[in-house]
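*Asks:* Numbering of the sequence shown is given in the working numbering, commencing with residue 1 and proceeding in unit increments.
These are calculated hints, taken from the structure and not from any lab test.
Just so it is clear, CB atoms sit at the ideal spot from N, CA and C, and this is done for glycine as well.
Do not take every clue at face value.
[As the list claims (entries may be wrong)] Restraint-style ranges between C-beta atoms, simulated for each label pair: (1) Gln-179 x Ala-209: 19 to 29 Å; (2) Arg-5 x Glu-108: 21 to 31 Å; (3) Glu-106 x Lys-70: 41 to 51 Å; (4) Gln-9 x Tyr-259: 22 to 32 Å; (5) Met-168 x Trp-110: 42 to 52 Å; (6) Ser-7 x Lys-181: 17 to 27 Å.
[Unchecked claim] Keeping only pairs whose Cα atoms sit at most 30 Å apart, straight-line, the calculated BS3-like set for lysine-lysine is: (7) Lys-214 x Lys-82; (8) Lys-193 x Lys-60; (9) Lys-43 x Lys-70; (10) Lys-70 x Lys-181; (11) Lys-60 x Lys-214; (12) Lys-171 x Lys-181; (13) Lys-214 x Lys-181; (14) Lys-171 x Lys-70; (15) Lys-193 x Lys-43; (16) Lys-121 x Lys-175; (17) Lys-214 x Lys-171; (18) Lys-193 x Lys-121; (19) Lys-70 x Lys-175; (20) Lys-181 x Lys-82; (21) Lys-193 x Lys-181; (22) Lys-181 x Lys-121; (23) Lys-70 x Lys-82; (24) Lys-181 x Lys-206; (25) Lys-121 x Lys-43; (26) Lys-175 x Lys-82; (27) Lys-193 x Lys-214; (28) Lys-193 x Lys-70; (29) Lys-43 x Lys-60; (30) Lys-82 x Lys-60; (31) Lys-121 x Lys-171; (32) Lys-206 x Lys-171; (33) Lys-206 x Lys-175; (34) Lys-206 x Lys-193.
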Amino acid sequence: MDSGRFSLQGKVALVTGGSRGIGRAIALAMAEAGADVAVSGRKLPPLEEVAQEIAQRGRKSLAVASHIAKVEDSRTLVERVKDEWGRIDILVNNAGTNPYYGPLLEAEEWAWDVTMNVNLKGPFLLSQLVARLMREQGGGSIINIASIMGIIPSELGIYSVTKAGLIMLTKVLAKELGQYKIRVNAIAPGVVKTRLSEALWKEPAKAEAAAGRKALGYIGEPEDIAGAAVYLASDASSYVTGEVIIVDGGESVGPAPVYD
Numbered sequence: 001m002d003s004g005r006f007s008l009q010g011k012v013a014l015v016t017g018g019s020r021g022i023g024r025a026i027a028l029a030m031a032e033a034g035a036d037v038a039v040s041g042r043k044l045p046p047l048e049e050v051a052q053e054i055a056q057r058g059r060k061s062l063a064v065a066s067h068i069a070k071v072e073d074s075r076t077l078v079e080r081v082k083d084e085w086g087r088i089d090i091l092v093n094n095a096g097t098n099p100y101y102g103p104l105l106e107a108e109e110w111a112w113d114v115t116m117n118v119n120l121k122g123p124f125l126l127s128q129l130v131a132r133l134m135r136e137q138g139g140g141s142i143i144n145i146a147s148i149m150g151i152i153p154s155e156l157g158i159y160s161v162t163k164a165g166l167i168m169l170t171k172v173l174a175k176e177l178g179q180y181k182i183r184v185n186a187i188a189p190g191v192v193k194t195r196l197s198e199a200l201w202k203e204p205a206k207a208e209a210a211a212g213r214k215a216l217g218y219i220g221e222p223e224d225i226a227g228a229a230v231y232l233a234s235d236a237s238s239y240v241t242g243e244v245i246i247v248d249g250g251e252s253v254g255p256a257p258v259y260d
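Go ahead and model the full structure; you've got the sequences and the hints to work with.
*Replies:* Set out below in structure tokens:
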């Protein structure tokens with residue numbers, strides 16, 4: 001297979017939640033693969049730092065402060081990228097939140113609304129905006145960062161529900177947009193060392209338990225997710241749409257069995 005099919009040379013990528021964690025890792029990996037990359041998030045200074053890292057890799061970069069749950073922000077974001085580079089070939093819906101850690105029975109309405117707005121409503125609205133541009137261009141790739149918790153219920157109940165919704169959004173959009181040569185896929189990470197998932201790994205006992213649930217026996221880093229994103233953004237995955245790639249270190253299959 002021609003390794004050039006993994007190149008993103010000449011493409012423009014937009015990564016939400018791009019200031020840290022998985023978003024930052026994906027943005028930098030796409031720059032290394034040849035793409036010009038715009039990163040968005042709520043706070044501009046850390047985005048500008050990532051934009052500088054992208055520029056150091058020889059690519060054009062753009063940092064835009066934008067709140068994924070506010071449609072006017074998303075409209076402005078898309079227009080900024082379009083004005084800068086004329087197109088968007090890759091959208092990575094990575095921005096996410098989890099303000100509540102506890103049982104659904106005790107969850108308050110505000111926690112449900114905030115999590116739904118950021119994790120599901122935001123990607124839906126931004127995908128609408130970008131897909132309309134991609135349709136005019138003749139195609140593109142949308143990548144949603146879901147979670148293994150959207151497949152296997154977890155103690156992060158509301159978060160799990162939003163990620164399950166994001167997986168179905170991925171499939172519905174793939175079905176609708178394939179006719180326009182727009183591919184829509186998702187990545188479902190397991191527990192990875194990010195600020196969002198600190199409640200699941202920061203304490204030594206919880207980190208040991210989380211690692212012990214994985215076939216590979218350790219908790220992943222944000223960079224472990226980036227390769228799958230580059231694949232889904234590139235021509236190497238040109239016949240892949242509506243799929244969910246699980247990148248969880250074997251969390252979904254569990255640790256090696258004990259026979260004695």
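*Asks:* Need the list of violated hint numbers for this structure, in ascending order.
*Replies:* 1, 2, 3, 4, 5, 7, 11, 13, 21, 24, 32 and 33
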